[in-house]
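Chains B and C, in that order, are what the protein sequence lines are. Throughout the first sequence, residue numbering follows this note's numbering, covering 1 to 194 in sequence. Throughout the second sequence, residue numbering follows this note's numbering, covering 195 to 473 in sequence.
Worth flagging that the hints you see were computed from the coordinates, not collected in a lab. The reader is advised that the hints may include incorrect statements.
To be verified - Here are the computed lysine-lysine pairs in the DSSO-like style, where the Cα-Cα straight-line distance is at most 27 Å:
id: 1; chain 1: C; residue 1: Lys234; chain 2: B; residue 2: Lys87
id: 2; chain 1: B; residue 1: Lys87; chain 2: C; residue 2: Lys451
id: 3; chain 1: C; residue 1: Lys451; chain 2: B; residue 2: Lys42
id: 4; chain 1: B; residue 1: Lys87; chain 2: C; residue 2: Lys290
id: 5; chain 1: C; residue 1: Lys471; chain 2: B; residue 2: Lys42
id: 6; chain 1: C; residue 1: Lys389; chain 2: C; residue 2: Lys234
id: 7; chain 1: C; residue 1: Lys255; chain 2: B; residue 2: Lys42
Stated by the list, open to error - Among chain C residues calculated to face chain B with C-beta under 10 Å, some are:
id: 8; residue: Gly222
id: 9; residue: Ser232
id: 10; residue: Glu239
id: 11; residue: Arg269
id: 12; residue: Glu448
id: 13; residue: Ser449
Every residue gets a Cβ at the ideal spot worked out from N, C-alpha and C, and that includes glycine.
Chain by chain, the residues:
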Amino acid sequence: MSSPQLIVVGTSAGGLAAMQVLLPGLSEMFNCPIVIAQHRGKEQGSGLSQFLQKSCRLPIVEPEDKAPIEAGRVYLAPGDYHLLVEKGHFALSTDAPVWYARPSINVLFESAADAYAETAVGVILSGANGDGARGLAAIKARGGTAIVEEPATAAYRAMPEAALQATTVDRVLPLAEIPSFLNMLCQSSERGVR
Amino acid sequence: MSAVQVEVEQLVDIEIQLLLEGMFRYYGFDFRNYAPASIKRRIHESMREEGSETVSAFQDKVLHDAACLERFLNRLSVNVTAMFRDPSFYLTFRTKVVPLLRTYPFVRIWHAGCSTGEEVYSMAILLLEEGLYERCRIYATDISAEVLRTAKEGIFPLASMQEYTANYLHAGGRHSFSDYYTAHYDNVIFDTALKRNLIFSEHNLVTDSSFNEFHVILCRNVMIYFNKALQARVHSLIYESLTMFGVLGLGNKESLKFTPREESYDELDPRDRLYRKVR
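The whole structure should be built from the sequences, with the hints applied where relevant.
Spelled out as structure tokens, the structure:
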């Protein structure tokens with residue numbers, strides 16, 4: 001497994017609860033940027049990131065256009081924009097919603113596959129539709145790593161199931177085990193162990 | 195990743211460069227400095243729509259079929275927006291910019307990259323309610339003739355009106371939003387009184403130069419599609435087109451921070467991305 005340079009996470013219904021398991025479990029030594037696309041309303045403002053910050057040791061940021069992507073931060077896609085990554089920085093778009101969602105998980109994941117190839121890690125959590133499946137398949141096709149929440153324990157299983165149908169994944173894990181797996185992935189890269 | 199996969203991806207990137215180079219050399223439309231992630235996405239969406247298997251096959255259609263070019267340009271220029279998008283922007287415009295505009299006998303506003311016009315009509319309504327509309331001219335421009343046709347008509351889907359009404363009220367609207375339009379089947383048409391001082395015309399931010407001096411320039415969620423070099427160019431164009439102490443309005447997640455023009459402006463309102471040219 002290549003050392004990860006970018007982790008992208010997608011979730012929809014049930015995502016808020018899932019975040020509150022994922023985020024507190026991340027080590028403060030986490031040395032890889034994490035970018036989250038969570039389906040959300042159009043409202044602007046930092047309410048959601050402030051709420052999530054309470055349960056996260058790493059700083060949570062809603063990125064501006066062209067902002068650099070830095071390790072040790074959690075980035076949250078802002079409402080009413082698609083969030084895309086290019087090598088080293090973010091790019092936003094107001095193209096039409098995908099699967100009725102803006103931010104869309106597929107848009108973020110496909111851009112991550114394109115810019116980060118085998119160093120991208122995609123994580124699909126709870127959700128009630130099929131967004132993210134195509135994006136996770138794109139990450140796998142470019143040699144990246146795919147992780148899916150175990151559908152049986154997910155609050156809403158449709159999104160993990162769609163992802164599992166779309167591609168062969170590296171790990172299917174109960175939500176509670178995903179943060180420690182991500183910690184391990186990043187630590188091993190820190191020590192240069194593959 | 196297999197070597198073949200790497201080569202396929204590199205080939206796609208080469209094909210995209212050739213497509214954009216061809217469009218520039220043949221038609222003069224310069225998309226070469228657009229942000230790569232979003233233009234790639236838009237090219238792939240257009241390819242699906244046109245039934246093209248490869249970027250090269252798509253390039254063939256774009257260079258030889260004017261209707262295909264028009265559809266592609268349309269996709270590249272549609273910024274899917276809403277009336278009173280980001281209501282707090284309009285509310286802040288009322289409280290912080292309108293008082294400045296009252297001091298001018300005549301106000302020229304440039305809405306650069308107006309897409310299908312939702313935000314132009316929003317500004318017209320705001321200015322009308324503030325009693326400023328008669329002394330204003332709004333120059334609304336876009337690269338695409340197609341989106342400008344929609345913008346000029348002022349016809350929008352009835353289904354959107356519930357959302358727009360909520361936005362209008364949050365933006366400080368003072369009347370009943372439905373006073374401004376007439377419903378007709380599935381659409382509404384906006385009052386012709388709103389169009390009196392609107393001037394729609396084609397303008398390409400990438401290749402065209404400044405065409406007037408303005409008191410207000412709105413360029414919201416347009417430059418997010420450009421790479422940093424092109425953003426810098428457009429910021430120079432905006433700077434040159436803005437009168438001293440003129441106001442610049444950007445999108446919610448755009449800032450002057452990563453541009454060379456940061457020092458030329460003061461923040462009027464950092465949250466709603468309103469800036470004033472001061473040097």
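Hints, one by one, checked against the model:
no.: 1; hint: C:Lys234 / B:Lys87; result: holds (14 Å)
no.: 2; hint: B:Lys87 / C:Lys451; result: holds (19 Å)
no.: 3; hint: C:Lys451 / B:Lys42; result: holds (24 Å)
no.: 4; hint: B:Lys87 / C:Lys290; result: violated (38 Å)
no.: 5; hint: C:Lys471 / B:Lys42; result: violated (30 Å)
no.: 6; hint: C:Lys389 / C:Lys234; result: violated (36 Å)
no.: 7; hint: C:Lys255 / B:Lys42; result: violated (37 Å)
no.: 8; hint: Gly222; result: violated (24 Å)
no.: 9; hint: Ser232; result: holds (5 Å)
no.: 10; hint: Glu239; result: holds (8 Å)
no.: 11; hint: Arg269; result: holds (9 Å)
no.: 12; hint: Glu448; result: holds (5 Å)
no.: 13; hint: Ser449; result: holds (5 Å)
Of the numbered hints listed earlier, those contradicted by the structure are 4, 5, 6, 7 and 8.
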